[in-house]
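Since the structure of chain A is already known, use the hints to place chain B on it.
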Amino acid sequence: MTFLDFIRQPWPWYVAGPIIGLTVPTLLLIGNKSFGISSSLRHICAACLPANLPFFNYNWKKEAWNLFFVAGVLIGGFLATYFLENPADFELAPATEQALRAFGIRDFSGLMPADLFATANLFTLKGLVFFVLGGLLVGFGTRYAGGCTSGHAIMGLSNLQWPSLVATICFMAGGFTMTHLLLPFIFKLF
Amino acid sequence: MNNMQATSVQSAPNLATDSFVCDAPNNQQKTENWTANLKYLVVGLAFGVVFVKAEIISWFRIQEMFRLDSFHMYGVIGSAVVVGLLSVQLIKRFTIKTLRGEPVVIPPKTFNKGQVYGGFIFGLGWAITGACPGPLFAQIGSGYGVVLVTLLSAVAGTWLYGYFRERLPH
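If you read the protein sequences in the order shown, they are chains A and B.
When you number the first sequence by my numbering, it's gap-free, plus one each residue, and the end is 190.
When you number the second sequence by my numbering, it's gap-free, plus one each residue, and the end is 1170.
Hints are not guaranteed to be accurate.
Unchecked claim - Simulated pairs of lysine-lysine, DSS-like, Cα-Cα distance not exceeding 30 Å:
(1) K1039(B) with K126(A)
(2) K61(A) with K1030(B)
(3) K1113(B) with K1097(B)
(4) K62(A) with K1113(B)
(5) K1030(B) with K126(A)
(6) K61(A) with K1092(B)
(7) K1092(B) with K126(A)
(8) K126(A) with K1097(B)
(9) K1039(B) with K61(A)
(10) K1097(B) with K61(A)
(11) K1097(B) with K1030(B)
Think of the hints as simulated: they come from the structure by calculation, not from any bench.
Excised from the complex, chain A in its bound form:
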């Protein structure tokens, strides 16, 4: 097995997690930056449509590093997908696959379900729920909470901030509620 073959396999959690954790000291030491990604959404608002709202009137250019960071995430996603693609089939826990089949999901070949994340769904009820409503909840919720998985769960917990623990518990509570209580109803709409 060549090195390229080796890194093309899906990376286990004990490789990915520590690398993600190292982002925290890396950003702190190369430029005194606290790790957090959802802030980029706020900077986009501040740069494009501040609309005289006090929340968006600040010097976003000073925070432009965050926009460079997310641009890097996008490019990294591109490089990993097109140059380090996993040649084997995507493997999913059988119990999850069974539950999702009951919801009507049929395509388990990629990282994202083609039944949902397809261009053909853009102007349908599915698209409205999975792209528009989902995106609105993510953007509104993260800003209301003052951070997302990176800013609270990773950066905040790394610095032993109890408000971040509260936020992380609430992220999980919301996710469990949607998955187990709401998604079964949502999937009946289609």
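Just chain B now, with coordinates in the frame of chain A:
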């Protein structure tokens, strides 16, 4: 100066009229030019590669997590926190300075009810989109063009929060 800033963050975080409070702030005193920002692009790039290779961007993996059918995502987040925690403690213990020789500043997170309400709302969205804000960017880079709509909706959601902020419980 930085300590003063951090203190003001702690004392009154909820009023929009306050001086700028960012959750992922730039605390470097020296200003940087645009090319210096490229190093954050490189860090982001490595991050994006990990997101894809560990399949963290996968909607299916997020479903597995919330269905408790796989340890993978818990392992990723848990080990990231452990490594982050150890690093931050080492930086504090040995007062390690930044590359520019400045003391490392980490503003404290202050509690407000937004972390409960907003956190829950984000969680609902996380299980629908299968992505937190970081993976959204990596999904788009991976060729899932429709996620651009999700990202724009997330920007719109952020804007709506800014619009309704004064009227929301904090």
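So, going through the hints one by one against the coordinates:
1. A distance of roughly 39 Å separates the Cα atoms of K1039(B) and K126(A); the hinted pair therefore is violated under the 30 Å criterion.
2. Simply put, K61(A) and K1030(B) have alpha-carbon atoms about 14 Å apart, close enough for the 30 Å limit, and the pair holds.
3. Restraint check for K1113(B) and K1097(B): the C-alpha separation of about 34 Å exceeds 30 Å, so the hint is violated.
4. Among the hinted pairs, K62(A) with K1113(B) is consistent with the structure: their alpha-carbon atoms are about 28 Å apart, no more than 30 Å.
5. Distance restraint check for K1030(B) and K126(A): the Cα-Cα separation of roughly 48 Å exceeds the 30 Å cut-off, and the hinted pair is therefore not satisfied.
6. Distance hint between K61(A) and K1092(B) is fulfilled; the C-alpha atoms sit about 29 Å from each other, no more than 30 Å.
7. With a C-alpha separation of about 48 Å, the suggested pair K1092(B) and K126(A) falls outside the 30 Å cut-off, and the hint is violated.
8. Our distance criterion of 30 Å between C-alpha atoms is broken by K126(A) and K1097(B), whose separation comes to about 50 Å.
9. Proximity of K1039(B) to K61(A) is assessed by CA-CA distance (about 16 Å); at most 30 Å being required, the pair is judged to hold.
10. About 24 Å separates the Cα atoms of K1097(B) and K61(A), which keeps this hinted pair within 30 Å; it holds.
11. For the proposed pair K1097(B) and K1030(B), the alpha carbon gap of about 14 Å is at most 30 Å, so the pair holds.
In the structure shown, a violation is registered for the earlier hints numbered 1, 3, 5, 7, 8, in ascending order.
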